[in-house]
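Keeping their order, the protein sequence lines are chains L and P. Residue numbers 57 to 170, in the numbering used here, belong to the letters of the first sequence in order. Residue numbers 27 to 142, in the numbering used here, belong to the letters of the second sequence in order.
Note that these hints are calculated values from the structure, not bench results. C-beta: ideal position from N, C-alpha, C; glycine also. No false leads were mixed into what you were given.
Examples of chain L residues toward chain P, derived with CB under 7 Å:
| # | residue |
| --- | --- |
| 1 | G98 |
| 2 | F101 |
| 3 | L146 |
| 4 | F161 |
| 5 | G164 |
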Amino acid sequence: KAGVTQTPRYLIKTRGQQVTLSCSPISGHRSVSWYQQTPGQGLQFLFEYFSETQRNKGNFPGRFSGRQFSNSRSEMNVSTLELGDSALYLCASSLVPQGGTEAFFGQGTRLTVV
Amino acid sequence: AQSVTQPDIHITVSEGASLELRCNYSYGATPYLFWYVQSPGQGLQLLLKYFSGDTLVQGIKGFEAEFKRSQSSFNLRKPSVHWSDAAEYFCAVGFPLTGGGNKLTFGTGTQLKVEL
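Just chain L, same shape as in the assembly (with noise of 0.2 Å):
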């Protein structure tokens, strides 16, 4: 069974650019989180999808947002990048969100803002 998918692993951008980065989970996982990973912060989550809707969301500004797909895969975007927003992002796939159901991560996609 294939793990979490992300994609690209490495990324450099520009500051003032934008970037989308992609998650394909689990098969049969309907739930995806994403996770900001820093030295400084830690693991921060951004938010969960479930059924293509946003149930929930971190505290991070409008800049940062997502969506889900009708077969799961769910892609997050960064606009107006900052130095700041360079970071490893991880997704995590769950078979559905309610209760403790565990999460697996995928390798993460490394963001670079110069």
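Given the structure of chain L, go ahead and fit chain P onto it with the hints provided.
Relative to chain L, chain P alone:
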């Protein structure tokens, strides 16, 4: 507010020695508890989880963890560490959200170094 504390930022152990990584959480009810491991440049791999039932849970790679409600702790243990266990370990707690679903709140991680 919910929080997760991993008091040890760095731990060094000798190969073959036992290991215990500490995790404490703050939450009004019994949360869902997880331990993840991350190797450099990689994503997070789930080691084990606790949802309910037996408070001693077994995971992959010979790890186990014990949930102690009275201490709000979920410490990770391994009886004999291997050099390949060197990595960063994250304790995470699943909290339900008002919109349904739940999110993971992570501790700051413990970097494990294994001396040969």
